[in-house]
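So the sequences go chain by chain: A and B.
Using our numbering, you'd call the opening residue of the first sequence number 1 and step up by one each time.
Using our numbering, you'd call the opening residue of the second sequence number 1 and step up by one each time.
There may be inaccurate statements among the hints.
[Said to hold, decoys possible] Beyond 10 Å from chain A on every Cβ pair, some chain B residues (computed):
{"no.": "1", "residue": "T36"}
{"no.": "2", "residue": "G79"}
{"no.": "3", "residue": "E95"}
{"no.": "4", "residue": "S123"}
[As the list claims (entries may be wrong)] Straight-line C-alpha distance at most 30 Å; calculated DSBU-like pairs for lysine-lysine:
{"no.": "5", "chain 1": "B", "residue 1": "K15", "chain 2": "A", "residue 2": "K42"}
{"no.": "6", "chain 1": "A", "residue 1": "K184", "chain 2": "A", "residue 2": "K263"}
{"no.": "7", "chain 1": "A", "residue 1": "K184", "chain 2": "B", "residue 2": "K146"}
{"no.": "8", "chain 1": "A", "residue 1": "K267", "chain 2": "A", "residue 2": "K174"}
{"no.": "9", "chain 1": "A", "residue 1": "K184", "chain 2": "A", "residue 2": "K154"}
{"no.": "10", "chain 1": "A", "residue 1": "K267", "chain 2": "A", "residue 2": "K154"}
{"no.": "11", "chain 1": "A", "residue 1": "K42", "chain 2": "A", "residue 2": "K154"}
{"no.": "12", "chain 1": "A", "residue 1": "K184", "chain 2": "A", "residue 2": "K267"}
{"no.": "13", "chain 1": "B", "residue 1": "K4", "chain 2": "A", "residue 2": "K42"}
Derived from the structure by calculation, the hints contain no laboratory data.
Backbone N, C-alpha and C define an ideal beta-carbon position, used for all residues, glycine too.
Take a look at the letters that make up each chain.
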Amino acid sequence: MIPSAFEYEVAENPQHAIELLNNFGDEAKILAGGHSLLPLMKLRFAAPTALVDIGRIRDLSYVRDGGDHMAIGAGTVYEDVHNNNDLVRQCPIVAHTAGEVGDPQVRHRGTIGGSVAHGDPASDLPTVLLALDATMVVQSAEGERTIPAGDFFKGIFETALGPQNLLTEIRVPKVPDHGWSYQKFHHRAQDWATVGVAAVVQRSNGSIGGARIALTSMGETPLRAGAVEQALAGGADPAEASQQADEGTNPVSDPLGSSEYRKEMAKVFTRRALEEALSR
Amino acid sequence: MANKTISVTVNGGSKTSEVEPRRLLVHWIREALGLTGTHVGCDTSSCGACTVLLDGTPVKSCTMFAVQADGRRVTTVEGLQQDGKLHPIQEGFKEEHGLQCGFCTPGMMLMGAALLEENPDPSEDDVRWAISGNLCRCTGYQNIVKSVQWAAKRAASEQPGAHA
Ligand SMILES: Cc1cc2nc3c(=O)[nH]c(=O)nc-3n(C[C@H](O)[C@H](O)[C@H](O)COP(=O)(O)OP(=O)(O)OC[C@H]3O[C@@H](n4cnc5c(N)ncnc54)[C@H](O)[C@@H]3O)c2cc1C
Ligand code: FES
Ligand code: FES
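Make a model of the complete structure from these sequences and hints.
Written out as structure tokens, the structure reads:
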């Protein structure tokens, strides 16, 4: 399968990437790891007239301590997110989940920023970033702005990014004392999630003081499981509260599972996520 | 659409070509360089038959443009053998019958070789996790795992000072 023809330029730095995007116009796209974009281009579901390759920008690949948060460069590949010891200590759910994406080859090329910018509701990291209330840092010709994860994901393959916007950084809170879990329910080791559940909990006396829960593959965007969070705040135990995990969801039916099945599995894996989060 | 000139170090030798930006790395390797050991299995990023090492790291060459490899180092299955001597992983696949039709084998051997660079004594689980992005329709994987572990033992016994 051969993609349709396009112009190609390598961006030297973030500023250069934005200049190139503005020069090429609205049909240009950013190329990061290419592990969402190339498959779509090969099927000609995407046919950008130009690609701006940000894959060689060193300044976009890092994990840094930002004081109250950890800052992850948008161009950091999953493997580097997974193996970063500071992240493992400060925000372990992100490092862990990066190691659950796809297969080794995918993790060597795919970037955390590409996953966020792509806006696929079946992706794992966006769900985790929503549960963490992460912040996206976006650059454009007008300057820099920050967008909370809760306002970022708009629809299937639709985000708050405009056409000449570059996602440069993802800021995740430091949560070394929180319980956490990402439950990825999938058929084979390298499959996409049929259902995924991210839970980040504050413990008080062995039970849940506060919880943020988000779901993968349960609607058009990653979704907060608000009803479960409220039930927990009202004193329900994980088994009871997780019965409401399907509230407000609208999952697709596809070969991985029907919509009804996904709704049932969301309950099961929400319970497991809460139990695991409480235990670590 | 403007072509690009790329220079890639392939199996230790420098290769320079003019390519269309949309040229996939796997097609460049197979068609421009004539190195047909890199296979196209699925062409949808799922099977790992097209795996090559990019600066030593396994990637799927059907999911990269050749221009993305400019200035970098690519190792294909043809590059495993050194000075006429098989790589331990190649010997392992021979000794442990790690292949049947052989279609998945180049990708499996490159995954195995990359794993051994990082982890010279992998457990069965380590090997299975390393090849989780590579499909084999023939062997049932059992002998592939054994082949990689055979290679690990051979490589260890070849280390200077090792006790055979
Ligand atoms: C076989 C396979 C299995 C996979 N399995 C999983 C899985 O289990 N879970 C999962 O979550 N994902 C999975 N993925 C998808 C993978 O995570 C992708 O790598 C990721 O979604 C996209 O990142 P990328 O760097 O490859 O982005 P690209 O493909 O390069 O880009 C994706 C989109 O984002 C835009 N973009 C990229 N970077 C930026 C930026 N910095 N600023 C603005 N826009 C940008 C691009 O223009 C494009 O529209 C899989 C992919 C493959 C091929
Ligand atoms: S041909 Fe590249 S992954 Fe199957
Ligand atoms: S030996 Fe036939 S596909 Fe693996």
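Decide, holds or violated, for the assertion that all CB atoms of chain A are farther than 10 Å from the CB of T36 (chain B). At about 18 Å from chain A, T36 (chain B) clears the 10 Å cut-off, so the statement holds.
Is K42 (chain A) within 30 Å of K154 (chain A), Cα to Cα? holds, 25 Å
Any Cβ of chain A at or closer than 10 Å to E95 (chain B), or is the non-interface label fine? Label holds. Min Cβ-Cβ 25 Å, cutoff 10 Å.
Verify that the Cβ of S123 (chain B) lies farther than 10 Å from every Cβ atom of chain A, and report whether the claim holds or is violated. holds, 15 Å
No chain A beta carbon within 10 Å of G79 (chain B)'s: Correct as stated: the minimum Cβ-Cβ distance to chain A is 17 Å, above 10 Å.
Assess, step by step, whether the Cα of K184 (chain A) is no farther than 30 Å from the Cα of K263 (chain A), and give holds or violated. Holds. K184 (chain A) to K263 (chain A) sits at ~14 Å (cutoff 30 Å).
Has the given pair, K4 (chain B) with K42 (chain A), been kept, meaning a C-alpha gap of at most 30 Å? holds, 20 Å
Do the alpha carbons of K267 (chain A) and K154 (chain A) lie within 30 Å of each other, as the hint requires? Judged against 30 Å, a Cα distance of about 24 Å means the pair holds.
30 Å limit on alpha-carbon distance, applied to hinted pair K267 (chain A) and K174 (chain A): holds, 28 Å
Restraint check for K184 (chain A) with K146 (chain B), where alpha carbons must lie at most 30 Å apart: holds, 29 Å
Next pair to validate is K184 (chain A) with K267 (chain A); report whether the Cα-Cα distance is within 30 Å. With Cα atoms ~13 Å apart, K184 (chain A) and K267 (chain A) stay inside 30 Å; holds.
With a cut-off of 30 Å on the C-alpha distance, tell me whether K15 (chain B) and K42 (chain A) pass. holds, 25 Å
This entry satisfies every hint, going by the numbered hints stated previously.
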